[in-house]
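Required output: the full structure, derived from the provided sequences and hints.
Chain residues, written in single-letter form:
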Amino acid sequence: MTHNEIEILYVEDNASDVELTLVALRRNRVANRIEIVRDGAEALDFLFCRGTHAEQEFSAPKLILLDLKLPKVDGLEVLRAIREDERTKLIPVVILTSSNEQRDLVESYKSHVNSYIQKPVDFNQFQQVVQQLGLYWLIVNKTPLPETC
Amino acid sequence: MFRFRDYSIPKKLTWMNLVVSGAALGLACASFIAYDLVSIRDTVVRNLSIQAQIVGSNSISAILFNDPQSAEKTLSALHSAPNILGAGIYKSDGQLFAAYRRDAENRNLPLVLQTRSGQTKVRWFGDRRVEVASPVLFQGKTTGTVYIRSDFRQLTDRLKRYVIIVAVVFLTSLLVAVLMSSLIGRAISGPILQLAETARIVSREKTYSVRAPATRNRDELASLIGTFNEMLEQIQERDTEVREVHDNLERRVAERTAQLDTANKELEAFSYSVVHDLRAPLRHINGFSKILEEDYGPTLDATARHYLRSVCDAAKNMGQLVDDLLKMGQVGRQQMVRRPTNLNLVLEAAVRDLLPECAGRQIDWRLTELPSAECDPGLMKLVFTNLLSNAVKYTRRREKTVIEVGHVKLDSESAVFIRDNGAGFDQKYADKLFGVFQRLHRAEEFEGTGVGLATVQRIVQKHGGRIWAEAELGKGATFFFTLAAETYAPASTTKFAAAGKL
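Residue numbers (the numbering used here), protein chains in the order written: chain A, 19 to 167; chain B, 124 to 625.
If you are wondering where the hints come from, they were derived from the structure by calculation, not from laboratory data. Treat the hints loosely; a few may be bogus.
Unchecked claim - Examples of chain A residues lying across from chain B (beta carbon under 10 Å, computed):
1. E104
2. T106
3. N118
4. Q120
5. L123
What the hints assert, rightly or not - Computed Cβ-Cβ distance ranges for the label pairs, DEER-style:
6. A/K160 - B/R456: 36 to 42 Å
7. B/A386 - A/N118: 18 to 24 Å
8. A/R101 - B/K598: 57 to 63 Å
Ideal Cβ placement from N, Cα and C applies to all residues, glycine included.
Here it is as structure tokens:
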């Protein structure tokens, strides 16, 4: 899978969450081309072709799924970095988190998040959410072409 | 118009001295003048008598030798006395013998005059003139009469001088009296004014460190000032004590607040990590169990599948518990925003939220008009939602459910009540109803976490009200809550949607 074929960049530090999300995605046949990074720093390296991704050529994913509580660089910082860079500022970002705190919601929307989802405890509900998410952001929703960025 | 009692003390003292010394001086001067007037009159009469006698004795020979010219010569000596207007010498038979007239106006001397008793006679004519008639005696016999007419020129001249002198003395004395009194008055009123000024400063600026200046005197005023200063001293001491206590208290409050803030922050951080770190494993347990059940269910036997289901349910319950606890925590921390709220609208919204839960149920909603209240509408909705959802939950076994909402006037307050005809509870456990995690029903009977009513109580208490419940096992429960009395506004005028519409 090459860099420019990535549809979803999924930033999540918890292995179980990654696994459950992948199951849900797979069951709903939403996306095959998904890149998983395990902390905020890696997410930024991947996006801006730095560090271990220095060899890669820049390519914007169609959607970024972002957890808030991340090692090294937290989700909000990643979001702000994405919004500050001309190349990435138009990429849809969906926060996928356990937190329902008003403060997190407010800060996320202030940093121009596109959607904020609290992961439901019940797996059936979670599967539904993932399905809607993939359907909406990858199929229903239209985003500007990368050249116009 | 100024009245005496409105005058300042120095002015009063000055006026007092002025009046007293003026009166004394006036009286003294008046009596002095009166006495002098009397004595001058006596002197005038005496002088006139003497002059008459002198003229008489000098004229004896002229009378005896019938020499009027010589008599007139004697009389003309009277010219040196300016007050004598005219004079005459009469023979023993009363006929005018010789006359002296100062000027033409005084021609009308009496033509006939006799002194019968041989005594000097004095006649006053008002305050303008006086006449003296004195017998001329020769060898014990009356040989004639000397008549002198005089005016009061002397008298009035003296009187004028007296009046001027008296006026000058009076005014000078008064001036001296005023000066003296203002000097003495200052000695008396000065300390009083300073005392008053000190009292004013104390009362206006609340500074107790000022002192009224002490006087060198040892009078009542000095003791008053001394006492006043002592009182100030005591007040200052007490003030300092109070301030110290107050400062101490402030400092302790600040310390405690800081500690509380820290504790609060820690609690917040704690509950924040509870959301993330407790919910995540629950999600994983639930997720993997579900996958296991769905993907490998067919290969498991019934018992294994039952266990798996139990794991799922347990995780789900715990997730609910965590969510409820978090909500309660948020209620506790949340800043309350009070504003005039139509409770009917809040109630309607809460009922509307519950309608999906009530699908397929036969519920008779009896909602009567509620008053308006000064409260946080969001929190108040949470109260209604919790209480109504309880009512819906515990009436589940009823064929026909009745849920009633209204308000009642109690002794001094007004309470909102929510009544259902559900499972109810034993009244002796009513006090346990509002404790966190306290439940009066087993989970198999009615699901729940035991957090809802605790949350409701917290909200009601935040509004300064109280909550209680009355129930009977198997017959339903009624929950009452009040809001602080002042939060109620006059009954709302908005027309409340009829219960039937819901």
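Can you tell me whether the CB distance of A/R101 to B/K598 sits inside 57 to 63 Å? holds, 60 Å
Determine whether the Cβ-Cβ distance between B/A386 and A/N118 falls within the hinted range of 18 to 24 Å. holds, 23 Å
Classify the hint on A/N118 as holds or violated, based on whether any CB of chain B lies nearer than 10 Å to its CB. At about 7 Å, which falls below the 10 Å cut-off, the nearest Cβ of chain B leaves the hint on A/N118 intact, so it holds.
Go through the hint on A/L123 and say holds or violated, using the shortest Cβ distance to chain B against 10 Å. This interface hint is violated because 12 Å lies over the 10 Å limit.
Once the shortest beta carbon distance from A/E104 to chain B is found, is it less than 10 Å? violated, 32 Å
Close enough to count: is the Cβ of A/Q120 nearer than 10 Å to one in chain B? holds, 8 Å
With 10 Å as the cut and Cβ atoms as the points, is A/T106 at the interface with chain B? Constraint on A/T106 not satisfied, violated at 26 Å.
Quick check on a hinted range of 36 to 42 Å for A/K160 and B/R456, using CB atoms only. Check passed, 41 Å falls within 36 to 42 Å.
This entry does not satisfy hints 1, 2, 5, going by the numbered hints stated previously.
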